[in-house]
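Trainee: Below are the chains, spelled out letter by letter.
2 protein chains.
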Amino acid sequence: MPSALRFEPVATVVGGRSEPVDDDWDGVEAIVRLDERFEPEALDGLAEFSHVEVVYVFDRVDPADVETGARHPRGNERWPRVGIFAQRAKDRPNRIGVSICRLLLVEGCDLHVAGLDAVDGTPVLDLKPVMAEFAPRGETRQPEWARELMAGYWISS
Amino acid sequence: MPSALRFEPVATVVGGRSEPVDDDWDGVEAIVRLDERFEPEALDGLAEFSHVEVVYVFDRVDPADVETGARHPRGNERWPRVGIFAQRAKDRPNRIGVSICRLLLVEGCDLHVAGLDAVDGTPVLDLKPVMAEFAPRGETRQPEWARELMAGYWISS
Numbered sequence: 003m004p005s006a007l008r009f010e011p012v013a014t015v016v017g018g019r020s021e022p023v024d025d026d027w028d029g030v031e032a033i034v035r036l037d038e039r040f041e042p043e044a045l046d047g048l049a050e051f052s053h054v055e056v057v058y059v060f061d062r063v064d065p066a067d068v069e070t071g072a073r074h075p076r077g078n079e080r081w082p083r084v085g086i087f088a089q090r091a092k093d094r095p096n097r098i099g100v101s102i103c104r105l106l107l108v109e110g111c112d113l114h115v116a117g118l119d120a121v122d123g124t125p126v127l128d129l130k131p132v133m134a135e136f137a138p139r140g141e142t143r144q145p146e147w148a149r150e151l152m153a154g155y156w157i158s159s
Numbered sequence: 003m004p005s006a007l008r009f010e011p012v013a014t015v016v017g018g019r020s021e022p023v024d025d026d027w028d029g030v031e032a033i034v035r036l037d038e039r040f041e042p043e044a045l046d047g048l049a050e051f052s053h054v055e056v057v058y059v060f061d062r063v064d065p066a067d068v069e070t071g072a073r074h075p076r077g078n079e080r081w082p083r084v085g086i087f088a089q090r091a092k093d094r095p096n097r098i099g100v101s102i103c104r105l106l107l108v109e110g111c112d113l114h115v116a117g118l119d120a121v122d123g124t125p126v127l128d129l130k131p132v133m134a135e136f137a138p139r140g141e142t143r144q145p146e147w148a149r150e151l152m153a154g155y156w157i158s159s
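Read top to bottom, the protein sequences are chains A and B. Residue numbers for the first sequence, in this note's numbering: 3 to 159. Residue numbers for the second sequence, in this note's numbering: 3 to 159.
Calculated from the structure, these hints are not laboratory results. Keep in mind the model is a prediction, meaning the values are calculated, not measured. Don't take every hint at face value.
Chain B stretches covered by chain A per the calculated footprint, using a threshold of three residues with CB under 8 Å from any CB of chain A [what the hints assert, rightly or not]: (1) 6 to 14; (2) 18 to 31; (3) 53 to 65; (4) 77 to 86; (5) 126 to 136; (6) 149 to 157.
From the three backbone atoms N, C-alpha and C, an ideal C-beta is built for every residue, glycine too.
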């Protein structure tokens, strides 16, 4: 195996929710603020995209709580016991989250976004423009439990 | 800013292409092999998903070559000069790639995949199931240069 890798956050989430909750993220607005080592030109042209993909770290998760095997998603025994890599839960190895949010405005080194499921203070590892070509190619399939779990995630039902 | 973060690869890409090229990735098959600290149960239930999202490191990129400002994508002056965070190029801060590929088969600690745009030996930081609910919410928009750049990326035209 390759050895450990070191990363420097490129940005931080400012504002939005201060505590992680399970659902209703789509109405949350926040700022993703680039680290001061970057100039605004690192964001040039990003405003032409409607959505941004944010790679971030669930840094509030205690490394001791990370699941490395299988468990019921959200501890719900009505759903099957599945491996941590078959879930998008935050207490996962490396604690990395990847999420697509709407880009409202680019202002200097600040991205104003809506629907980012990361709390205030979250370290951000990368920002990427969302291109239609990076959507899944071919027919998609997912189990019923995933659909049930996600039902209120963005907009509570 | 939060200080540097350390990550341990959870898996490695085995097979597929040995050199990075720009285009025609969809026909490439490879294995994503979980690190030996994991048991196969970490992948339980993943086979019910058609697609997997792979978070990986462009570790062949020399850190000295990382772009932190703006440039023409692929050096093509017909396309606008845009910030590195408005591109998905590999020579980016933290050198992280995020890509969705088709899941062909789960076999022990091996995922057989197709259309993963990462070369043999690439360290993988995370694996996530692709859920329709994590697609962009709302209408999407992207500039013309991105469409042109992506034209032959998955299947050469």
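Trainee: Each of the hints needs a verdict: does it hold here or not?
Mentor: For each hint, the structure was consulted:
1. Here the segment 6 to 14 of chain B counts 8 residues with a CB under 8 Å from a CB of chain A, which clears the bar of 3, and the coverage holds.
2. Coverage of a stretch by a chain is defined here by at least three residues with a beta carbon nearer than 8 Å to that chain's beta carbons; for the segment 18 to 31 of chain B and chain A the count is 1, and the condition is violated.
3. Counting residues of the segment 53 to 65 of chain B whose beta-carbon sits less than 8 Å from any beta-carbon of chain A gives 5, enough to reach three: the coverage restraint holds.
4. Counting residues of the segment 77 to 86 of chain B whose beta carbon lies closer than 8 Å to any beta carbon of chain A gives 5, which reaches the threshold of three, so the coverage claim holds.
5. Note: the segment 126 to 136 of chain B has 10 residues with beta-carbon separation from chain A under 8 Å; the three-residue rule is met and the coverage holds.
6. Counting residues of the segment 149 to 157 of chain B whose CB falls under 8 Å from any CB of chain A gives 4; the rule of at least 3 is met.
Of the numbered hints stated above, the single one contradicted by the structure is hint 2.
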